[in-house]
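Chemist: Hey, can you work out the whole structure from these sequences and the hints?
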Amino acid sequence: LGIGAWWDPLASKVGIERRRPLQAMRETVEVTRRLLAMERVTFEGEFVRLRDVEIDVVHGRREPRDVPIYIGATGMRMMELAGEIGDGVLFNYLVSPGYNGRALEALAAGTARSGRSLEDVDRPQLVVCSLDEDRDVALDRAR
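Start counting the sequence shown at 58; every next residue gets the next number (our numbering).
Careful, some of the hints might be misleading.
[Unchecked claim] Cβ-Cβ distance ranges computed for the label pairs, FRET-style:
#1 131 x 111: 29 to 37 Å
#2 60 x 156: 19 to 27 Å
#3 185 x 113: 33 to 41 Å
#4 111 x 151: 38 to 46 Å
#5 113 x 153: 41 to 49 Å
These are calculated hints, taken from the structure and not from any lab test. Yeah, the Cβ is synthetic: ideal placement off N, Cα and C, and Gly gets one too.
Modeler: Written out as structure tokens, the structure reads:
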């Protein structure tokens, strides 16, 4: 399951005010994990409020679901939070090698805070690619 905290230019176009995205992400991940564990959840957070909510399974199994939660992070503070509470983090595309290095450092700081290591967090990265025998055509299509 992938969860992101929006992106300011997009969020503002649909009326979403991004206030304290780290806290909003922390609450969302906590509640989502509890719901996927098939708990009846009451939660009173700053952003998430639930009273006796559970996943309604009409036809199917009621046992807890082991669904990994991936956090879409771009900023270093969100990357650190992803290391602390996420099962995976989706690295963005069109970033420099230096950015990836800083992101890994932030991710490692978060994993250390939760008693884990960097190897405990899955880290796929989005990649833009285009293949063509003509290099210029391939680059143009990738844009």
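Chemist: Which earlier hints turn out false for this structure, listed by number in ascending order?
Modeler: none
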